[in-house]
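Generate coordinates for the entire structure from the input sequences, incorporating the hints supplied.
2 protein chains.
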Amino acid sequence: MNETFVVVGGDAAGMSAASKAKRDDPDLEVVVFEKGEWVSYGACGLPYYVKGEIQSLESLVSVTPEEFRDERDIDLRTGHEVVGIDPDRREVLAEHDGDDVIQSYDHLLVATGAQAVAPPIEGTDLAGVYTLGSMSDGKELREYVARARDGESLQQPDRGPACRYLEDCTGPVAVVGGGYVGIEMAEALAANGFEVNLFQRGERVLKGFSDETSEEVAEHLRDRDVVLHLEADVRELSGADEVDAVLTAEDSIPVDMVLLGTGVRPRTDLAEDAGIDLGSTGAIATDAYRETNVPDVYAAGDCAEAVHVVTGEPTYVPLALTANRHGRAVGQTVAGRPTEGGDVAGTAAIKAFDVEAARTGVLDHEVARDAGFDPVTETITAKSRAGYYPAGGSVTVTMTADRGSGRLLGASLVSEYGEGAVHRSHAVVAALEEGATVFDLENYDLAYAPPFNTTWDPVLVAAKVLSGSIR
Amino acid sequence: MNETFVVVGGDAAGMSAASKAKRDDPDLEVVVFEKGEWVSYGACGLPYYVKGEIQSLESLVSVTPEEFRDERDIDLRTGHEVVGIDPDRREVLAEHDGDDVIQSYDHLLVATGAQAVAPPIEGTDLAGVYTLGSMSDGKELREYVARARDGESLQQPDRGPACRYLEDCTGPVAVVGGGYVGIEMAEALAANGFEVNLFQRGERVLKGFSDETSEEVAEHLRDRDVVLHLEADVRELSGADEVDAVLTAEDSIPVDMVLLGTGVRPRTDLAEDAGIDLGSTGAIATDAYRETNVPDVYAAGDCAEAVHVVTGEPTYVPLALTANRHGRAVGQTVAGRPTEGGDVAGTAAIKAFDVEAARTGVLDHEVARDAGFDPVTETITAKSRAGYYPAGGSVTVTMTADRGSGRLLGASLVSEYGEGAVHRSHAVVAALEEGATVFDLENYDLAYAPPFNTTWDPVLVAAKVLSGSIR
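Those protein sequences? They're chains A and B, same order as listed. All residue numbers for the first sequence refer to full-length UniProt numbering, where the first residue is 1 and numbers rise by one. All residue numbers for the second sequence refer to full-length UniProt numbering, where the first residue is 1 and numbers rise by one.
Just so you know, the hints here were simulated from the structure itself, not pulled from any lab data. Hints may be right or wrong, so weigh each one.
What the hints assert, rightly or not - Restricting the straight-line Cα-Cα distance to at most 27 Å, the calculated cross-link-like pairs of lysine-lysine (DSSO-like) are:
#1 B:Lys35 x B:Lys139
#2 B:Lys383 x A:Lys139
#3 B:Lys51 x B:Lys139
#4 A:Lys383 x B:Lys51
#5 A:Lys383 x B:Lys139
#6 B:Lys51 x A:Lys51
Shown next, in the form of structure tokens:
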């Protein structure tokens, strides 16, 4: 009798695991429960869909349910919400159209993902308040943008004068949160003619990046007429049925809609109810093979924590590549070849209008010190191409290393879009993964030609300067 | 009494060493002899100058002689040709305006660079035959292009019909050699309206890259109307005083000019005469600190060999970054802090019209086997950005690893210009430098966002496929 691998959640981690397990062991029965209708979709593409650069929501789907079923021979059950796991009986209980479905498993993957978190304030349930976590969120936001651009639903006579009464009749709107989603949505909305107010609780956007990166992105956002409200204490979203203003400690800013980009939290209820341990981050704890404390039950993707390559400590970084990588590793493991899938470096990238930025590793000195390092940081700005080459801009690199050992700890890069801050960060990620020092990095034989960099790539310039300051 | 550091050759390695030594030890007397008038220039930029994208030859100079003298306090003597080194007396003999100059040294750096090599055939001394190694070469070529575009010097009535008699009156021309210089010059000349014939002795251009990269670049050259003559056995350049045809074993191709891009060789005469050993590559042998067999005499840059990070063997890769890096290391060493400056990975990058390519490490299976590896190679083509993202192209990655250990040996990447083949290669270089395996590489937490890559960057896709094929 064949073994059965059951997956709860049909997005990046879940479908990667299902596909890999079935490919490596075609005899395995692979059953995936997904509560919604969409599987294997690129949530990272939603801002571009809302912006209007991507025309169909379907194009965000990398593999369709039919392909999973017909071509990959995976028993994919959409519209099935798993409501219980019984580790003793090795069964999951799902609900589908009001019916209960019981499915036994030999191996189980919990890939329940994360959900958008609304801040603990009044008014987040008003009409006109959105989050961007799911395909249906994306659909609603796109519809909102379309309506607003058609001049509908904005004619609310009792509001004060604002740009929404001007010719283009779009805006003002609010984005709460200056992280990836907030900034990408600020771009998406501004590109559609909205006056965008971006509220950030802290003193800078993209707080995981370096100060210098944040500052450059913030300046660029202001250049593009995004109104930045930094150190903004958003107290309430006000309105009768529909939101009509954002209230901060000092101010009331009239808006037509609010996008909450205030982070996510792992969906762990199902796991907790089944006796699966959470880690110190609040996400599901696993070993290096993504196995939880419950034998044969794995967790991967945005619901699970992972180990940071620099600190060696558990961390919660819910991003797409990790979900894919760890899901795939679980698939291999379940198919008979135990596979770790690697740690995370906390790498992230963003495009904001016409700038691009990436960060990786540990930049925060407090975090570095807690992990036993003595962090030193340097920031350089260098040309993105040979000085004489008739194109290009600049790349600003912030780099952190340990004073004693020279070990590289992290970096944050920003450049004009197309000038390579993101791809150049790959060298730093690789160095971090290998536990390299900044003395190693400064000697890397990176590719050089005038259309791509100065003889010393900006990453090498940063390494040289940082190396010089800690020797 | 202060020590004296003498440098022979005022380009990348020499001036990097001089500048670093003086900065680290301001008490050091630093004397640089340069036989020409130009120092510290970006020879890599010459094709763009000939093309006309760079307007002034001076802009290729990163630091002027005056800046070296006045701001960096370096005794820079241009127009001084060093004709002898006497290690016993610790002196160099230079000639300047017919006078002899004797200079004693405590530390000496030989940074005599490389020179373009003409193939051993008849006619390479004809007028109209050029190489591109020096600033004056660049100047002459630019002047040739300008004359040709003005319709001058092409009216030679006894030639047969060819495109040079057509309206634009430029071409045909020949480029002999399908390496970096040959291809960059093919672009420079084609952009100026010349009909370019590119002759390559082997069966593919860019022989240091993978077959797939070569093929993609070759196809692109053909798309841009470069006439590729592969496996071309160029026997002679014919003409009375001026070159008028390229003769191959089979054919005679009429041309107005010939650019020889047939490689370089290290300038080692001076070193050899002084009893400095050459290595197996024919370039000057050094230890890890770039010190030669003669105490306190260093060699760096295009005249010296270096150790390959993958094979651990000496190799000769005369490129700008190594020259800068090793020059700088010698400067630090001489100033009192012994510094190695690192090995080389044989990394190179090129832009050819609208494609970009990079290579690093060992791709040739014979070379890999000689170094004790059992090489396996895979090639993948992947999208350069998220499939749904409204821009982008593809990246083709060839990757080689050792079957037994999984150790990464090399990679070759090609993409449309701007789609990141070159910057994406940085991850591979870093992995090579650290002796990583392809199993390590496939788990790297590289930056991802839809405008920059698919969730798995093409480099990771290649690593996954290669890893799968050798497990």
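Status of the hints after comparison with the structure:
1. Restraint check for B:Lys35 and B:Lys139: the C-alpha separation of about 18 Å stays at or below 27 Å, so the hint holds.
2. A distance of roughly 26 Å separates the Cα atoms of B:Lys383 and A:Lys139; the hinted pair therefore holds under the 27 Å criterion.
3. With a C-alpha separation of about 11 Å, the suggested pairing of B:Lys51 with B:Lys139 holds against the 27 Å cut-off.
4. Note on A:Lys383 and B:Lys51: the hinted pairing holds, with a Cα-Cα distance of about 22 Å set against a maximum of 27 Å.
5. In summary, the hint linking A:Lys383 to B:Lys139 is supported, as the alpha carbons are separated by about 26 Å, within the 27 Å threshold.
6. For the suggested pair B:Lys51 and A:Lys51, the alpha carbons sit about 40 Å apart, so the restraint of at most 27 Å is broken.
Hint compliance for this structure: hint 6 is the single one not met.
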